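*Asks:* Listed below, chain by chain, are the residues.
2 protein chains.
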Amino acid sequence: MFLLDHTHDPLIGSWVPGADDHPDFPVQNLPLCIFARGTDIEEPGRAGVRIGDHILDLSAVVAAELIGDPAALAAATAAGRNGSLNDVFALGAAPRQALRHAVHALLREGAPERDTVARMLTPVNDVQFRLPARVGDYTDFYAGIHHARRVGMLFRPDNPLLPNYQWIPVGYHGRASTVHVSDNSVVRPRGQVAGPDGSPSFEPSSRLDFELELGVWLCDSPTPGTVLPIARAAEQVAGYCLLNDWSARDIQSWEYQPLGPFLSKSFATSVSPYVVTPEALAPYRCALTRPAGDPTPLDYLSNDLDLAVGGLDIDLEVEMSTATMRAKDMPVLTLSRSSSKHLYWTVAQLIAHHVAGGCELNAGDLLGTGTISSADETGLGSLLELSRGGQEEIRLPSGETRTFLLDGDEVTIRGRASHPGRAPIGFGECRGRVLPS
Amino acid sequence: MFLLDHTHDPLIGSWVPGADDHPDFPVQNLPLCIFARGTDIEEPGRAGVRIGDHILDLSAVVAAELIGDPAALAAATAAGRNGSLNDVFALGAAPRQALRHAVHALLREGAPERDTVARMLTPVNDVQFRLPARVGDYTDFYAGIHHARRVGMLFRPDNPLLPNYQWIPVGYHGRASTVHVSDNSVVRPRGQVAGPDGSPSFEPSSRLDFELELGVWLCDSPTPGTVLPIARAAEQVAGYCLLNDWSARDIQSWEYQPLGPFLSKSFATSVSPYVVTPEALAPYRCALTRPAGDPTPLDYLSNDLDLAVGGLDIDLEVEMSTATMRAKDMPVLTLSRSSSKHLYWTVAQLIAHHVAGGCELNAGDLLGTGTISSADETGLGSLLELSRGGQEEIRLPSGETRTFLLDGDEVTIRGRASHPGRAPIGFGECRGRVLPS
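Residue numbers (the working numbering), protein chains in the order written: chain Z, 1152 to 1588; chain D, 1152 to 1588.
Bound-form chain Z, shown alone:
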């Protein structure tokens, strides 16, 4: 899945109008999604592939018998499940890779099936997206070391990183039932908040935050009882998305001892609708270098190939707008420019750690990387960091200020990868707007 082939060739374009110049979805990307035509929430979801500003309906491709096995198997599996990619994820890498090749052949310049396939495209503005898969379990990691250090600094200035951080990919179980697809509304959660006298009250959170993360959709893990070596852990990845781990900081600080975050996180998690495959991201693998002097990972987390190309080089941005900014037609404010290169652990390490003790992973399980902030101040992935724990106001172009999110605020995460000589690809967006409690 790290190999490059003609589907990555930036010189091969698509006959779909607008695809070649699309910043996110040229023919080299081809992410999977679940979409429905129209706005009826009862309309069943269909499996699709995004190309330019259109969605290719995989059930139509299957019905027209345009592709052969094993790509047809993947497409039929996706198309037959009425609204979830779980079974496609469960097929693993080979059928997914074959599907990529088959769809690329249908959409590339000069494809003989062009006229037939053109009728299977729906403009993206005419569809709504569904969650790509039923989330069995959702796990959120803490693999952004600059976030961990900066948040730790707020609470423990002398000892910001806990002793386990550089040894163990710290993570915890999140809430699967409240993972929603962009662009969703997020109702401001209510909860217990500590008062100045030590006794709490139950009220709407006044420290509502976002967290910039990557999401990882998983295939099935091996049979329970067998060991998954780090060298094979990357094979468990079905694809990537953007993820916003909405967080209520005031609820979190009161509830989280000793068992970790609970209701401060479980009211909502947003993911972008597209599953960007490991194949599409192959040109953007990179090394994640550890600072000199940091401990060497234990054997079960160490692998030469993973060391060399286990990282991802994806530019990540957070934009924000307020109701006032939108009413005045002001442009959004970019709060943060970060990168997945700032992660301390590779996704393979997260997975190898997750299964090492006997925990079963299933197709459709979702991982969050944890908040990805840069070492410097340009790429802070949360308002907790941007406002230094709520101590410093952020000035907006509208003249407003913020420490945490107010009702009506909208947060959008974007992700794009580009390099000279390679086709740029992107993730679309993960957007959510805060509604009053």
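Hints are computed from structural coordinates only; laboratory data are not their basis.
There may be inaccurate statements among the hints.
[As the list claims (entries may be wrong)] Some chain D residues well away from chain Z (every beta-carbon gap over 10 Å; in silico): (1) Ala1256; (2) Asp1455; (3) Arg1546.
[As the list claims (entries may be wrong)] To be clear about the criterion: a stretch of chain D counts as covered by chain Z if any three or more of its residues have a C-beta under 8 Å from a C-beta of chain Z, and this derived list gives those stretches: (4) 1309-1315; (5) 1346-1353; (6) 1500-1509; (7) 1512-1522.
All of these numbers come straight from a predicted model, not from anything done at the bench.
Glycine residues also receive a C-beta, built at the ideal position from the N, C-alpha and C atoms.
Use these hints to put chain D onto chain Z, whose structure you have.
*Replies:* Chain D in isolation, oriented as in the chain Z frame:
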């Protein structure tokens, strides 16, 4: 669901042989389960009701048209789903209560359908059990205050209970994929364990523990966005079970800061196969009294009816045997005699808290109460407490000693409720045996 009727009458018996003298499953109990005949793991699960030493097949009851709606709806829903009670749970209280009445009428002494129904019974020794429902999300609470205080004492002798404990039902998200039905084997997990010099190694846990808990199966929660008042929270309970939250203490102490337990818990959670309904437990409701001087719960956790009968009076026991004890035919050792009366929060309070911030609950979600220990030394719900953090050896009748579990050890949790003038009912058992890593 707190009302008593003729189905609770201890003077009404059953025609099923052995049911009237059964310590757990007389006709006043009638718990639901998913079972399969024979030992083929491919055999689909069927919905059943336990009575005495038999299982009544609900699909046979439906096929014979022995009962009318709404009980028939519940039975057909259970029988039609091939191996899960999720959809029955989702129906809520009224059809479940009607099913109880209808099954009671079929199984009570003098039932005219006796000969027909007798052919729908399978001896419990001829069946295997499946997990009663597909677990969407699993949440583990920490509502046993004596456990929380005693464990806190090991780490913070001067301040064993954290400031939030008496205000907030502390809980965290557990791993749904590794919830298994009794009687399962538990492979000793491997994981990172801190060494004496501060650097960890990856090895099999040497501090493997059990935790005595009650489990709670849930119905659907109300539409997201609507408030669930504490007065209605108990309606979300579909039934109760026994739960063993297996824990690797050495992995836990290294990994749990700052985001809580993760792989130290997620390798296995065991539940008993029977769903004991709120209706069956109606005679065993009780008050959970707070010590004088403890804070009054906030309004969203306070309700007069819940204060009066929100607790459950169930005797809980933990038994243990070793391979040596079993080889010598020695009786099991009872390690602990506890009670659900020792919980600090009612199940309605756990649920009201869980949904208060906007978290969606779904039918088949599972809650654990947290470890239920007594205030005194007779009912300690974990080896961490029994061995005082591993400092004191527990002497076994075989001459062996334990601080934590060794390979081959088997732990069984039992639960029973009884009072003079009421029919005793029980939960069966939640059993698991430790296998080597």
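*Asks:* Now, for every hint given, state plainly whether the structure supports it.
*Replies:* Do the hints match the structure? See the list:
At roughly 37 Å from the closest C-beta of chain Z, the C-beta of Ala1256(D) stays outside 10 Å, upholding its exclusion from the interface. Residue placement check: Asp1455(D) keeps its beta carbon more than 10 Å from all beta carbons of chain Z (closest about 18 Å). Remark: the non-interface label on Arg1546(D) is consistent with the geometry, its nearest Cβ contact in chain Z lying 30 Å away (cut-off 10 Å). A count of 3 residues in the region 1309-1315 of chain D with a Cβ less than 8 Å from any Cβ of chain Z is obtained; the coverage claim is therefore met, three being the minimum.
Counting residues of the region 1346-1353 of chain D whose CB lies closer than 8 Å to any CB of chain Z gives 5, so the stated coverage by that chain holds, three being the minimum. Against chain Z, the region 1500-1509 of chain D contributes 5 residues with a C-beta closer than 8 Å to a partner C-beta. That satisfies the three-residue criterion, and the hint holds. With a threshold of 8 Å between beta carbons, the proposed coverage of the region 1512-1522 of chain D by chain Z holds, since 3 of its residues qualify and at least three are required.
Violated hints: none; the structure is consistent with every hint.
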